[in-house]
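Put chains D, W and C on the given structure of chain V with help from the hints.
4 protein chains.
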Amino acid sequence: MTVVRGRQFFQNPGPTNIPDRILRAMDRPALDFMGAEFRAIAEECYAGLRHVFKTDQAIIAYASNGHGAWEAAIVNVFSPGDRVLVPETGYFSLNWGNLAQELGLEVETLPGDWRAGVDPEAVEARLREDKAHTIKAVMQVHNETATGVTNRIAEIRRAIDAARHPALYMVDVISSLGSIDFRMDEWQVDVVVGGSQKGLMMPPGMAFTGASQKALQAAQAARLPRVYWDWRKLVTGNRQTAFNGTAPVHLFYGLQEAVRMLAEEGLDHVFARHRRLAEATRRAVRVWRGNDGPEIFATDPRTQSDSITTVLLQDGQDAEAVRSVALDRFNVSLGGGLDRLDGHVFRIGHMGDLNEPMILGALAAIEMSLAVAGVPHGKGGVAAAMEYLASERA
Amino acid sequence: MTVVRGRQFFQNPGPTNIPDRILRAMDRPALDFMGAEFRAIAEECYAGLRHVFKTDQAIIAYASNGHGAWEAAIVNVFSPGDRVLVPETGYFSLNWGNLAQELGLEVETLPGDWRAGVDPEAVEARLREDKAHTIKAVMQVHNETATGVTNRIAEIRRAIDAARHPALYMVDVISSLGSIDFRMDEWQVDVVVGGSQKGLMMPPGMAFTGASQKALQAAQAARLPRVYWDWRKLVTGNRQTAFNGTAPVHLFYGLQEAVRMLAEEGLDHVFARHRRLAEATRRAVRVWRGNDGPEIFATDPRTQSDSITTVLLQDGQDAEAVRSVALDRFNVSLGGGLDRLDGHVFRIGHMGDLNEPMILGALAAIEMSLAVAGVPHGKGGVAAAMEYLASERA
Amino acid sequence: MTVVRGRQFFQNPGPTNIPDRILRAMDRPALDFMGAEFRAIAEECYAGLRHVFKTDQAIIAYASNGHGAWEAAIVNVFSPGDRVLVPETGYFSLNWGNLAQELGLEVETLPGDWRAGVDPEAVEARLREDKAHTIKAVMQVHNETATGVTNRIAEIRRAIDAARHPALYMVDVISSLGSIDFRMDEWQVDVVVGGSQKGLMMPPGMAFTGASQKALQAAQAARLPRVYWDWRKLVTGNRQTAFNGTAPVHLFYGLQEAVRMLAEEGLDHVFARHRRLAEATRRAVRVWRGNDGPEIFATDPRTQSDSITTVLLQDGQDAEAVRSVALDRFNVSLGGGLDRLDGHVFRIGHMGDLNEPMILGALAAIEMSLAVAGVPHGKGGVAAAMEYLASERA
Amino acid sequence: MTVVRGRQFFQNPGPTNIPDRILRAMDRPALDFMGAEFRAIAEECYAGLRHVFKTDQAIIAYASNGHGAWEAAIVNVFSPGDRVLVPETGYFSLNWGNLAQELGLEVETLPGDWRAGVDPEAVEARLREDKAHTIKAVMQVHNETATGVTNRIAEIRRAIDAARHPALYMVDVISSLGSIDFRMDEWQVDVVVGGSQKGLMMPPGMAFTGASQKALQAAQAARLPRVYWDWRKLVTGNRQTAFNGTAPVHLFYGLQEAVRMLAEEGLDHVFARHRRLAEATRRAVRVWRGNDGPEIFATDPRTQSDSITTVLLQDGQDAEAVRSVALDRFNVSLGGGLDRLDGHVFRIGHMGDLNEPMILGALAAIEMSLAVAGVPHGKGGVAAAMEYLASERA
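Chains as they are written, first to last, in the numbering used here: chain V, -6 to 387; chain D, -6 to 387; chain W, -6 to 387; chain C, -6 to 387.
One chain only, chain V, in its complex shape (with noise of 0.2 Å):
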């Protein structure tokens, strides 16, 4: 057996880094999640999270993980065969699309571009087409976590109103809420779907609905059968007022200190800090490109997520023996690829709580596995980044 020493540079695309501020928060005996000490926490999340998705409306919270807030996302607006848009943008749309037609919808999936993101020209189109509205909802990835790709969910929203279209609009905000800027009021988002291991910085195990108004009337006459994910027993007005069973009471004290990390830190230099660190991985990236070496999967800039790099190695390059090399030799964690790019990518996640010499650590660890794995690679993707940081202020 080896033994690894020193911490985990843990850049796996979520769960992410939890900071020791939100695990000691956890580490605490439970208390009555009918008191009154837990309802004032339970308080301070909600207003918490309300801040985080830019909104006042409702945000319901479960003990379940993002695909059971994709669950509770459908069962609670739409009746058997509904018909849904989601414009294809990689691994989860479609996952979440496949959830949707076994739940009973109907789904239509606009192609696109895994590597460019959804074009909304193409979703107005769409539904421009649809004269007749049967399409009950737009389905959306707001960062796709398979490709790092992050889709312009306001030019979305402008489109499905360019077109006139009483869609639902939908947008899965999982491995962007708290790294990219997200508006689910401004942005008239009617269902969002959040979860707690990525930006928020906690354990899995906790999801989010955000319901407009407008979705939380869909939800009335929704005839999908649904008990545990039923807004209609957990929201009051736009407040979710009822838990059904037992609340995940140390979720929730993790969460109370991620608010307040993310409120201390105010939320533009949280996206202004995404925003630099991806960059320098992306200038790293860059610089491997060189020599025949990866790249970046994403391919137009203004859609290169802040939270996710996926590396596309070239043809005959196995993506795995980088990350064995890394997590064994380095003790550097990174994700896999999904499904179809399983073996060609690797996935850099830099959400969360991270800084300078993390991102830098875990850059010089990839750049070296990619040598002990004798990929072929341009030198100085580190250099670069960190010429990029040194000239770049917080």
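None of these hints come from the bench; they were simulated from the model. All of these numbers come straight from a predicted model, not from anything done at the bench. Only true hints are included.
Just so you know, same-sequence chains aren't split out, so a pair can sit in one copy or run between any two.
Below, computed lysine to aspartate or glutamate pairings styled on EDC-like, alpha-carbon distance capped at 20 Å: (1) LYS47 to ASP174; (2) LYS124 to GLU101; (3) LYS207 to GLU179; (4) LYS226 to GLU95; (5) LYS124 to GLU114.
This is chains D, W and C only, laid out in the frame that chain V set:
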């Protein structure tokens, strides 16, 4: 603001006392939930759960609370319109039944005495009547968390067999698992529902279903829509091999420690300890019964619960006043009455990580709270509990 | 191996119960002990300590235990051959005296009644005799940890003044600080010795001396060799401004939380709570006294300690047998007898982070342990404690 | 207020990075330090320490920092006026000598080159001159924490033997223990001084002396006053059997985990890892040396330390400016220059729980800080470190 000092005595009937070992095991960074290190942790957890459930069949874990596992149990084995028999035992049996109804089942409640528990003969009689075998399942709570009554599962199993009825036997062990003997395989229970936050001594946020071979087969034919809870996605053979979305790694960290602790003590010792501390509690309440004081809600000594004692106050006495004094003045947290028992009872959880001075400290605070709240009662309850515990060998 | 379950009731007279808040505050990475962040923490700690010592004079912290601070107190103010008066009160007063002797002082013990505490009149009488003022200091234990006797410091101060004697007044407050009122400035105590692990609710490893202006002046002339403990290196004006070597940053983390907790509760409330829980303990022991049972070692109600009750068994009874039962069967840890009291007494610490159910759980375990160990005693000690605590408002 | 996010890179040369395992082991209630459970923990700690010190002789632990153990080493073996020889190597050797002088010894400093370390021949020559054997001991720092120079203890031992001189050999291993090979018994070191907060990866607050049979005998005759540090009270045979006052149980909890971690990795692997990461650091600094940049303070490759690299800036360059940028902008904490080196050097600790991405992240931050602070330097230091680490097998 009152500052309360010293450790809270947390006598809620779940969540309950979490041992430091478990909290510390969870106070740890995330890891790759698709990597080898996590798989080894998960394997140990599942093996430990099978030991606690006394089964070699499938145990499926969810990021959810017990209400989620309730729903999982139903959506996996039923089709819309299926008929189930729910022997009434109190708040939780009724609610599980309601949930089934909301999901589209036809639910028949078998009336019963909340204070005595299910009568196996009544179950047998009802099943004998059902010659057409329209009843697909008997849905049963093992230990009613609301009333402190432990149903006689082995005897009900025999009743089903005596009626030669093929119904699935489904049992909720949420407040008995790890505290009171339960034998999934020996008692041929087809679907079991358990949670993390009671006898497993964990935070809430994780729940389980056990599924027999017969249940897994039923799942192949079941037509209720489900994705998050879908055994077909999660189970290979009779082992959980996948997690739907991100696994709640921190709850697995805690669970690993929990199953180790239960194995170290030995289940027989765990159950004997619960019985001993429960009996001490009952002896105290029996003394309090004097002078027109409160009484044990459960009337049949065979079914008085070893994990929870529900204490019924006499008419005109306010259980909430007792709870308030206990909490505000003595830092002892008790459970309140649920639904129709609200205000009439308080509940003493004595499950999980508990020992003699913990229960005696709590009983002492309760006896004092009765006095402070002006509730008539016999004095000397704690003394009776002490006398019993001093005489009873661990 | 017996597996003991549930939380240990830790009724040792130091170290004692450490609140989770303090443990969690210490569960944190190191930081630069010469940097600004640590200096701010240390400043808050010193201010908090001055509040607890009720002084505006110098408090000096050491990485050491109380025995280290004992030594620090002596080596800083004395020269070889200096004469000191040590009113005898028990194990710790004798040992502090021994330490002084080993370091080269001439130590005069003023005989006294271990069960009653120091007689201020005897101190006055002895000092009046010392017309030449050869006695440089009176060295006094405030609260004898071995006997549970609290000496009357204010009265002894008045005795010294009445004798018009210039001796330094040195007081060990190790087992009273933060539990029993002590007023360094008002009582003109020149040198105070305290430790982290009792009323400050901290782990052991940190100790303190308070030093009055008079003591700091004495330090300039003192000729005992010292470096580690040397106030002259550590103090500027009347503030500690340096640490000899690496500061124990984690103990400062804990201390910061400890002084915050004491301020939140308010010292008066802290002392009242100690008095209440101590009185409950005494009432229990007084009942046990019946039937030839054990008694409170401290005989004078004025000096019975609010932080420790030493319980004296009758001849032929084995205190260690009681302690063993309490620990092995009930997971309650009690203090043993020290030196000549070994086997004759056990000690109940009731200091620090304690509340009613904690002390009652412990007393219940002790009363049961007396029964199990076959030690005659009056029954109903816990009942008497409960009756008192139910009647006494917090 | 700047909010700094992400984990601090703590490259101080002690205290240093504390592994989570050790912090969590310390996050635990107190226990009876005179009971069996603590004794077992302490036994394991002492055995582990003997393994790390490579000795079968006495190791004595104190609640103190390294300066306390320095004092303990002296007061236990000397009498007033004894003469000792202190080969000069920097700040810490001088200070240990000063301490001896303040305690009443006659200290002779053997002048030496701070950047090269002790010359064994000079020691031998001086000892040969001392035909009367008036020199009672050679007091030597193994690894100068201030300069990053590791003295050649085995060779100095041979020098003492070659001179046939009976002096005690006393070695401070504070910043080498657990990072750089040290062999108390093989090298016949009589008194060893170590601390918890460096290679043992612990919080500060605990320190150690090793004492050979010869040292223990010297202690019998030594006449310096001592109580807290007194081996005669603490040691039976060659094992510590007592603790003076309350043992610092939490530091023992941590130490238990520390010695387990060192044993798991294996001391040889630990030392090799330190050598590898130190060499990477040196390669970076050598590149920075270009363009009139900073250099490694230690000039002799044989004595460049594997636990600390002291980096000397050129005249007119401000080391503190570099440290400020590193801390404030990149959250990397570096050591500053001590005494006469203040402002001229910064120090990179690379000891304890460290791995490749940790040191590379730190080096990257330092290289960027040089740029930001306007300190001329050769670029590509990190790249050189990466090239080395990619080629060097763990």
